[in-house]
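Starting from the given sequences, assemble the full structure and let the hints guide the process.
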Amino acid sequence: MIAPEETAAPANAGAPLQEVRGPSALGGGMRRFLDLLWLMSVTEFKRAYFGTVLGYLWSLIRPLMLFGVLLFVFTKVFKIGSETVEHYPVMLLLGIVLYTFFQEATSNAVNSVVTQEGVVRKTQFPRLVIPLATVVTGALNLCLNLVVVFAFIVAFGVAVTWSWLLFPIALLLLFVLTAVVSMALSVLYVRFRDVAIIWAVVSQVLLYLSPILYPVDAFPEETYERLLMVNPLAVIFTEVRVWILHEPGAPTALDAAGGWLGLLPAAAIFFGSCIYGIWVFKREAPRIAEAL
Amino acid sequence: MATEETTLEPSSVKLDAATSSPPAIVVEDLHKTFRIPTERVDSLKERAVHPFASREYRELHALDGVSFEIHQGEFFGIVGRNGSGKSTLLKLLASIYRADSGRIRIAGRLAPFIELGVGFNHELTARENIVLNGVMMGLTPGDMRRRVDPVIDFAELREFADLKLKNYSSGMLVRLAFAVMMEADADVLLIDEVLAVGDASFQQKCADAFHQMKAEGKTIILVTHEMAAVEAYCHRAMLLHEGRIQHIGVPAETGREYLKLNFARDGEGASLGSRGEAEGARLLSCTLEGGEGEELSTLELGEPIRLRVELELLQDVPGLHVGFVIANADGLGLVEFGTPVTPEDGELVAGKRVVVSADVDNSLAIGRHYVHCGVQSANGISIYVANAISFVIFGAQQTRGIISPRHEIEAEVVDGASG
Chain A
1 MIAPEETAAP ANAGAPLQEV RGPSALGGGM RRFLDLLWLM SVTEFKRAYF
51 GTVLGYLWSL IRPLMLFGVL LFVFTKVFKI GSETVEHYPV MLLLGIVLYT
101 FFQEATSNAV NSVVTQEGVV RKTQFPRLVI PLATVVTGAL NLCLNLVVVF
151 AFIVAFGVAV TWSWLLFPIA LLLLFVLTAV VSMALSVLYV RFRDVAIIWA
201 VVSQVLLYLS PILYPVDAFP EETYERLLMV NPLAVIFTEV RVWILHEPGA
251 PTALDAAGGW LGLLPAAAIF FGSCIYGIWV FKREAPRIAE AL
Chain B
1001 MATEETTLEP SSVKLDAATS SPPAIVVEDL HKTFRIPTER VDSLKERAVH
1051 PFASREYREL HALDGVSFEI HQGEFFGIVG RNGSGKSTLL KLLASIYRAD
1101 SGRIRIAGRL APFIELGVGF NHELTARENI VLNGVMMGLT PGDMRRRVDP
1151 VIDFAELREF ADLKLKNYSS GMLVRLAFAV MMEADADVLL IDEVLAVGDA
1201 SFQQKCADAF HQMKAEGKTI ILVTHEMAAV EAYCHRAMLL HEGRIQHIGV
1251 PAETGREYLK LNFARDGEGA SLGSRGEAEG ARLLSCTLEG GEGEELSTLE
1301 LGEPIRLRVE LELLQDVPGL HVGFVIANAD GLGLVEFGTP VTPEDGELVA
1351 GKRVVVSADV DNSLAIGRHY VHCGVQSANG ISIYVANAIS FVIFGAQQTR
1401 GIISPRHEIE AEVVDGASG
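Note that the protein sequences, when read in sequence, are chains A and B. Residue 216 in our numbering sits at position 216 of the first sequence; the count goes up by one each step and never skips. Counting from 1 along the second sequence, just add 1000 to a position and that's the residue number in our numbering.
Since the hints were made in silico from the structure, they are not lab data. A couple of the hints might just be wrong.
[Claimed, not checked] Derived pair list, reagent style DSBU-like, types lysine-lysine, alpha-carbon separation capped at 35 Å:
(1) K46(A) - K282(A)
(2) K46(A) - K1164(B)
(3) K46(A) - K1166(B)
[Said to hold, decoys possible] A few chain B positions that, by computed beta-carbon distances, are all more than 12 Å from chain A:
(4) H1061
(5) S1067
(6) L1157
(7) S1170
(8) L1259
(9) G1291
(10) E1310
(11) V1341
(12) A1350
(13) G1380
(14) A1386
(15) A1417
All residues carry an ideal CB built from backbone N, CA and C; glycine is no exception.
Below is the structure:
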């Protein structure tokens, strides 16, 4: 400790001065952003599986339980499923697994920024990583669950066709929608704590306003079908059913909406959500540390 | 170490060396104001019910036109009382807050941390956390995986590397955090009050690491209340007060300004000024001095203790008694001594100042010590200021005793009776 020191040449000699612009959504470069996003998502994912006794099973049990109950109710009690839809159980299972991803990721994202308070207030951390990590963790989970679901689908006798290749498009749309909704919710929650309660209700309502429990053509009147297609999630689920299960009578989203014009509201909501999510997050990101 | 750095001369030599290098951080006219709503609107309902209700704010000028330059290879201290704006400044430098106006420019990579252990996930093992923390500091995951072993060795946590952090003791956590920061190899480091962590041997290690970084020419900003640390490590120090720069200069000078500020009469109760006053007399200052009369807050083991107390008489007194108690960090009084002040020393009338100096052999063990100071007179003046001075004895000689008197000890090997 008492060893004499020489003032050596500065380690960072020659590095140019760079303006410090304050916190932002991406903060500190794209590479660091992606590294952090991936690392945080994967560690959280691993933690969920290795931290509990039954690990992965838990994340599967929840949608499977829901599936079992709903299958019983809709095929034995109400009898819509078994009579009108050829592959009702697989339609239900696929729908529930996809919707579980949306619901879990968004509801985890709501308070993600607030629970990571320490990181936000004490380090220069790219703010966007926080809500997106919950979405990516959910997506990793979804990928595992889909393996089980597809095994089920094949076992149920659904033919493997070329249209399965279109499935990633639906996944991408769902992922983007989940991500932008999560971004908006996470920063709004910092300022308005009611967001969590409101979103719990809204996400419950959205489950029933999407053709998951029932086929899109279950309605006696076309008007309801058209109205349902205002929900971007409904459009995605309708197309998934067509692409994966390819039942002869199942209408495409285009059929259900009654033409391209009918799909406009859903597209508007989708892109509107994207723009709003990005805009509000970008606007709030520099202020999160102060508002917490 | 202290003799080298707390005396004025070597410091100013170093200062020249440091200020001749190019700037690492340039801050120009920085302003930051916080708006604190007097009535916080936290729910949408309140917003909806009172959409146009004027929301009142109290403005808090955390930083009010701060400009300074830090040079590459400089170890720069920022001191100030609570609420002086030093943490805000640090958060602005680290891009955690956004400045209202002004410019900050930094050369090289900055470790974006202002507190140790932030971002640790307690459900993960030390290894995983090291990688995560390193990536937060801007390294790649691959790079960081290669550095895991050196970090664990530095932190002396080899046996616990695969233990989840939730099972760590707080001391182990701090060691790990410090080790990660050291290994992350940033050009500019921001450090907020971390020196008083870990056990004595780890503190020593931290001190060594700081000296090494200093030797490597890293730029380091240390924010602290503790003048001892500033004087021990820093080339220059800045004193912030109410969002403005009060002083920039060599640490010893800044330290004096800081203590002056702390002892100022308008202090918040904790200062000597308000505690050291009784009817009839006022304690002006109570200081620990070095060989040339400069104020110290650290002493090397065995270095003589010089205490100086200055008081002002507000009324005539027949005689006074001024005394000191030196206590250790546990509050145990170790030494007590005092002196009478009689009219033979000078006229004891209102308006006069009394200066008492004491030279004491230093047999204190290393660690923090406090000086309590008392003044009494026959006609009823009674002042007692506990912890009037706080200082640290440092040195390499650990002891389990409460004092370390100078000693000579020798061993001899002699033939046994049977041999």
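- Okay, which hints does this one fail, numbers in order? none
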